[in-house]
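Engineer: Sequence:
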Amino acid sequence: MTSVLLPKLCESLHLGQLLCRVRPVKRSPGLRMANTQPREEHKSVEEPYLIFQQWLAAVQQQVPQLRPRLACMATVDKAGEPMTRLTKIEAVNATGITFYTNLGSRQAGEISSNPHVSLHFNWAPLRRSVRIAGSARQVSAEQALQQFRNYPRHVQIYLAYGPQSARAATSGVSGIFHWLADRMGSLFGHQQPPIPMPANWGGFLLTPSLYEFGMDNAGAQGRTCMQFRRCLSMPRGTRGKNLKVERHDWVYDIFVDHDG
90 MTSVLLPKLC ESLHLGQLLC RVRPVKRSPG LRMANTQPRE EHKSVEEPYL IFQQWLAAVQ
150 QQVPQLRPRL ACMATVDKAG EPMTRLTKIE AVNATGITFY TNLGSRQAGE ISSNPHVSLH
210 FNWAPLRRSV RIAGSARQVS AEQALQQFRN YPRHVQIYLA YGPQSARAAT SGVSGIFHWL
270 ADRMGSLFGH QQPPIPMPAN WGGFLLTPSL YEFGMDNAGA QGRTCMQFRR CLSMPRGTRG
330 KNLKVERHDW VYDIFVDHDG
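If you want the working numbering, it's the 1-based position in the sequence shown plus 89.
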């Protein structure tokens with residue numbers, strides 16, 4: 090089943106160039122890959138974050154009104170109860186997924202107490218979804234400041250002084266004044282003073298241990314899922330006898346989820 094699903098999934102997702110060297114595992118009928126031990130043949134060659142980047146770009150291009158970077162984030166509170174809220178991610182790269190929030194918020198407190206976090210992206214019009222799980226840690230103040238400076242000025246005002254100040258800076262006579270001040274400042278080299286970053290604002294880096302890509306099967310029951318798990322027992326470079334213990338390969342599993 091795996092050898093049949095993988096080419097179809099790659100063709101549907103336009104990801105053949107990413108997974109062209111993945112070798113599916115030959116297995117007996119009725120045997121699930123999830124129950125087998127990690128082996129050399131399980132390894133994927135490319136990092137799953139590259140697939141996630143392509144999916145994000147596709148959603149942004151085809152249905153930007155979905156706000157593709159908005160995810161449902163699940164955390165666990167001190168009582169062990171799951172909590173969810175919508176969170177916008179800012180960056181996706183080899184190190185992980187970065188998002189920013191008020192450090193005094195309930196979300197930040199729960200992550201500080203229990204770093205295990207799960208993100209779920211649901212893009213229903215494209216029949217795609219992504220689940221990412223891992224552990225999160227706070228980014229440095231320098232990285233948070235860099236992201237704060239990347240925001241438009243009215244967003245910085247919102248974060249620093251609240252929604253009323255942000256509305257005043259973007260609407261009516263006051264909004265026109267701020268726009269003219271920015272324009273005149275840029276023309277004559279006189280920039281407005283920078284807005285200070287709030288002391289209670291910062292970010293977190295989610296280091297994934299699991300990626301799960303789901304795609305509904307049109308006209309069929311269930312949904313095809315491709316799951317990548319970080320395998321800590323197989324350091325990257327084992328095959329070449331060049332161990333790099335700070336990074337690890339991913340193993341993949343492809344299955345049809347009839348409950349999704």
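Bear in mind the hints are in silico, worked out from the structure with no lab data behind them. If you're wondering where the values come from, they're calculated on a predicted model, not measured in any experiment. Ideal placement from N, C-alpha and C gives every residue a C-beta, glycine not left out. Among the hints, erroneous ones may be present.
As the list claims (entries may be wrong) - Quick list of simulated restraints, FRET-style, between CB atoms:
hint : residue 1 : residue 2 : range
1    : Pro282    : Leu215    : 42 to 52 Å
2    : Leu139    : Gly251    : 21 to 31 Å
3    : Pro285    : Pro214    : 17 to 27 Å
4    : Asp305    : Arg238    : 36 to 46 Å
Engineer: In ascending order, which of the hints set out earlier in this document are inconsistent with the structure?
Structural biologist: When the structure is compared with the hints, numbers 2 and 3 turn out to be violated.
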